[in-house]
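*Asks:* Chain order of the listed sequences is A and B.
Its first residue numbered 2, the first sequence is counted upward by one per residue in the working numbering.
Its first residue numbered 5, the second sequence is counted upward by one per residue in the working numbering.
Hint data in this document are derived by calculation from the structure and do not stem from the laboratory.
Treat each hint with caution, since some may be false.
Below 25 Å or equal to it, Euclidean Cα-Cα: the simulated SDA-like pairs (lysine to any residue) are [what the hints assert, rightly or not]:
{"#": "1", "chain 1": "A", "residue 1": "K32", "chain 2": "B", "residue 2": "L90"}
{"#": "2", "chain 1": "A", "residue 1": "K44", "chain 2": "B", "residue 2": "L90"}
{"#": "3", "chain 1": "A", "residue 1": "K44", "chain 2": "B", "residue 2": "E219"}
{"#": "4", "chain 1": "A", "residue 1": "K44", "chain 2": "B", "residue 2": "R47"}
{"#": "5", "chain 1": "A", "residue 1": "K32", "chain 2": "B", "residue 2": "A340"}
{"#": "6", "chain 1": "A", "residue 1": "K44", "chain 2": "B", "residue 2": "D292"}
One side only, chain B facing chain A, incomplete, derived with CB under 10 Å [claimed, not checked]:
{"#": "7", "residue": "T75"}
{"#": "8", "residue": "V76"}
{"#": "9", "residue": "A332"}
Backbone N, C-alpha and C define an ideal beta-carbon position, used for all residues, glycine too.
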Amino acid sequence: MLREFRLPDLGEGLTESEILNWHVSVGDDVKLNQVIADVETAKAVVELPSPYAGIVARLHEQAGTVVEVGSPIVSFEVAVPAGADTGAPGAGGERVQARREPNLVGYGAVPDATGRPARRRRGPAPAAQGAAPVPASTPDAVRERPRSTPPVRKLARDMGVDLSEVRGSGPGGLVVRADVVRAASPAAGTAAAPAGAPPVVPSPPAQASRENRTPVTGMRKHTAAAMVASAFTAPHATVFLTVDVTPTMELLERLRQQPAFNGLKLSPLTLAAKAVCLGVQRFPSLNSRWDERAGEIVSFNYVNLGIAAATPRGLMVPNIKEAQTLSLHGLAAAVTSLAQTARDGKTRPADLAGGTISISNVGVFGVDTGTPILNPGEAAILALGAVRRQPWEYEGAIALRSVMTLSLSFDHRLVDGEQGAGFLNDVGAVLAEPALALAMA
Amino acid sequence: MRIPVSLHTPVRHPENSGSFPTDPYVQLVTPDGVRTPDPLYDRWVEDVDGARLQELYIDMAVIRRIDTEATVLQRQGELGLWPPLLGQEAAQIGSGRSLRASDFVFSSYRENGVAYCRGVGMEDLMRVWRGNAAAGWDPYSVNMAPTQVIIGAQALHAAGYAMGITRDGSDDAAISYFGDGATSQGDVNEAMVFAASYAAPVVFFCTNNQWAISEPVTLQAQVPIANRAPGFGIPSIRVDGNDVLAVMAATREALDRARSGNGPTFIEAVTYRMGPHTTADDPTRYRDDAELEQWRAKDPLSRVQALLESLGLFTDEFAATASGRADAAAAELRAACLGMPDPVPADVFAHVYSEPHSWLDRQQEQYSRYLSGFAGEENR
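Chain B extracted, bound-state conformation (with noise of 0.2 Å):
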């Protein structure tokens, strides 16, 4: 179904979406874990059952307990930086899983609970922040780029890949993960371009998680960031990111979308980074604690929880279950990250050219003579 676009009005939820930054969005669960009813956006998780809600749960508890264990690793030495996800879980879990293997995946580098919905091994999630490689896993066996440094770039990955997904005739589609300071990025805004003029099967999904590193959101958005993707002819809708039923209805639809030939959406997923940017900031510094409380009070798994004691689902037994499996995650996570071989030094050289390459080999063959030169300081 195609939901007709005009060029200047953003298509958001007639009810409950705003104009300013701090406006409302679409939310099925409320912070209290009270499911309210919408006429537009049910009917995309009518098959969400109370089982199914157990599993969103568990996954949210379980990339919420691998974030603060590899937070933990790099205080410990064993990283050498971790981005938190801490807070953002719903927006990841309810996005991550309403796609299907087929896609394919262009993230940032928080996305690390989508890489686990995608199937990452723990020791692929944690071999680039240990700093033993450049990337962390074949893309193509999991259909997720490696994990992309550069601010925004990957939404030129995903919207040329989608490109060519039209080219190859599938319904599959792509996704590009970004943040909320991406969006002031010239390659967001190109990738707009191009994934509108060829109605890519793309979805642009912005995690709006309030801050750029120390940069508030109101700072270079005057107006919601979704309104910026009706500009480019892309519809947009703003969606509380803490609730991950609306996630999944808006990735679904918007993934209905590019499937059936309709061409890239814009979702501003509106969430709060608890954490800090990275494990080397310190937003103490200019975020106000105030701030903080107001968000934990919209925590993302708590009002799941709520949700799911009003419907009985939530008992001791499940509990159980869930911290089980949380804990199992740490400790896999932990002997992954600990038992992973060291790289060797020729590694560098290994992959930076598919092909053979002669002045390459000649800098392998160098560099191997540089390091013989300390073979005779071996029991020094």
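Excised from the complex, chain A in its bound form (with noise of 0.2 Å):
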């Protein structure tokens, strides 16, 4: 007769096996306890004993691959002599299926082939008592108390609400808080959910003033979803840095009286805007993209350089293309463009494509850092504090400074600490003392 040999967990609680070789081919005669192949595991490399003597009717699976345990390996053609062969086993599956017989405490699970427990069927819960009658061949059932979570049970107790008594109108009879609300309240005591109609989708009057329940949609949705996307891709690592940028204030100040910066917005995020294009320079894995597709690293030797706004539809980061052929100038015409356009609602989708590197002005809502996440494809993003003045060591004494915290999230994938930190340190340089400009440029 023919016996399935299935793949045994051959550690202590592996699932699947490569076959390395097979010591045996169809057709040969093997003995009990013959190795018939090499097999590796998570844990070691095994001889795999033959369990019957016989014939190898068919290998089931070749040399190389992966099983998982309790499928079907080989298969042998076995003689069972009469009486004799009282220790021949039969493979794992059969045997079982074979002894699986009521007991004192009703059956076993049954085990299938790929060695995961059958899952329990969940019906729903059973009519609680009043209702209609229970057939007499499920007695169990009735002693079941409906179903319910556990904060739901906790409720009914602090409201005293017996649950064996509450009909509920969750999806399978689940007990709901508003199932355990009703029936807590007089008025409803006896009137109870009307029997067979519950509500699909219970929206008790009594919790609407407490909660607003907004679609997901739109700008919310894209933010979200390119939130969750860089978040939980990218690994990311941030770095502060905090520096006395009263020189770039006076250098802006001076810049404001220049006839050729009339009408442009000016503010440390122009000179950061700057820093930046500078800083990737030095540090190139700052500008660049992590192509987990091709597995490769795309350094990109142009900045798309994007600028989180704040608009009345919410946050966008369109990009200021090509920005390091920009000159100051010309980038605070580009940011002040940039804002405005993001502001009026016009920003085009070509806009906030294609952004390379992203700096966050965080500082013009009043805190003085945050963790900026990156913007998804990007290797790093730079946050700008809020300029406060403050108490601060110049010149060897104390005196009355403009202060920024800087921080730069990076990925971690694409940026180790060194890079980001020393690309956070040479912006910061420039704003301490934007002549630096000069020299880097």
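Take each chain as given, in its own frame, and dock them per the hints.
*Replies:* Here it is in structure tokens:
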């Protein structure tokens, strides 16, 4: 008769093993315990001894394949001498099936071929007392409490509601909060939910005023998806640097007097934009992209500088194309128009696409710093904190200075702490002494 | 006879016992099978004649075969796990065959050869490893506690049991088996404190198989493990654990000390675990093939075979008898293992408490209702 040998769990709790090679082929006469294959598990390479004496009838799996524990790997044609073969094993699955008999407490779980226990089907909760007559064949069901979740059971206990008296209105007869609340109110106590017509989605009026539910659409949906995609694919790390930006503030003040800058918005962001363009020259990994599919790192020889903008519709990150080619004046003009366009809701999709690195000016909201989340696909994002007048060490004494905290989040797959810190130090150096930009350009 | 013991000097063989973990030890049969006279230990095995030596050989051959078969059964998916004893046959047979029926054994999980000596049946021996029960046998039917998996815990059990023996006024002894790794456990050290304090009739039998899973003994023992026991006031001895006669001599001496009211003894049987720690282990990842080969030359069976051959007792007929006994044991083991009825779910409640327990009854009742939920799926 034909006997199947299923791959056993060769270690403790292994789910699969690789068949390295077969020592036998179809038609071979095999002795009990003869080595038939080498198998590699997560723990060891082991020899597989034959559980039968017989002829190899079929090799179910090729050498080199990874096989799930419990899958048949080889079949034997085994002669069964009458009476003599008392110890002959059945293959794991067959024997269990054959022996499954009712015992004192019912039946054991059916083991399936993959080794995972069969899952119990979850039916609706049995009707509580007072409902339709219970069929005699399910005496156990009567004793079962209607299904509910632990918080709901706690609520019921707190409100003094006996759950066995409650009709569940949730899926499959699940008792939900609303059912408990309804059962606790004296008016509903007798009326209860009419049998057979539970509301599909209960929305008790009592709760409507305490919460507002807004469908997630449009910008919110887009932002949420982008943040989740970024936060859970790129391993983020953030470094911080607090710098005295008084020279920047003084420079900006002087620039504002220049006719050429008339009408342009000048802020530390303008200089930071310049500093970022300069910094990526020294630290190109900050201006790169992780191409998971190709298994490559894409380094950009240009800078499309994203500027996070709060608009009435939500957060947008339009970018300044080829920012590395722009002078400080050009950057100031680009930032001004980009922000205006975004605020007017006229940002085009092309403006949002193709960014390589971004700046978030959270300081305008009055906070000192933050840990920005990367614009998806980018390697770094710089956040500018609010400029504050603070006592600060200046030329060996304490002086009131304009101080700002910078933070830089980066994709740790692309950038290590050394590069991230070096880049942030460069940006900080420019803001602390704008003249350095001349040396770095 | 009480051997005077300094608290700081181990009682070791004066001639051939050293101070390092790799130093020599008491040996009565060399790896080549030469019986070497020993003025201190010969007297403990002077009754072992050729016939008795043959029996010891058969014992070792049988438990080696049991071990091989169980390892194979695990690979065939019939056992969940098995801790091979390959290479440690002399340590187990030499000590196990020195005990009398009324002594009590507290072993680790690897002393399946000792269990065989105690008369544990094949089905009982396999039960735990097949996952069919939490314990394989009635401890009082063979005077051997169930398989202990907690490393070193059984040393405490043995010390406590031995203290009880003293109170009963009996001349029985307890013996605790543990490995080299277990000597770093608190339990073993606490057990030695109690045993010494109460002069308990217990033998601490340390099977130093050189490896605590993947940690070599030299990592946790800077001196021979046997040297630790005198610090507790317990006389100790290192023996060649692959020499069944030396192990027997040392164990008999220790048991005699226990029976005569002179307290505990610590035996370090220096041997080698030829196989993996368990069937779930791969020793090639942490140890050298050269080391394995070195120890293969010290095999416990081949040296007794050589000795028997020199006595003209290892005849073809005897060899056939030995392998026949071993194969029969293997066949019995396989049949017992495969023919073992699967436990029923309610068995899990059977041995939790010795007396009725309402909370447990409730759990069992709930569990039975849970299981009855599968009834409808029976013919699915």
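*Asks:* None of the hints should be skipped; say for each whether it holds.
*Replies:* Structure-based check of all given hints:
| no. | hint | verdict |
| --- | --- | --- |
| 1 | K32/A with L90/B | holds (23 Å) |
| 2 | K44/A with L90/B | holds (20 Å) |
| 3 | K44/A with E219/B | holds (17 Å) |
| 4 | K44/A with R47/B | violated (48 Å) |
| 5 | K32/A with A340/B | holds (20 Å) |
| 6 | K44/A with D292/B | holds (18 Å) |
| 7 | T75 | holds (9 Å) |
| 8 | V76 | holds (4 Å) |
| 9 | A332 | violated (12 Å) |
Violation of the numbered hints given earlier is confined to hints 4, 9; the remaining hints are satisfied by the structure.
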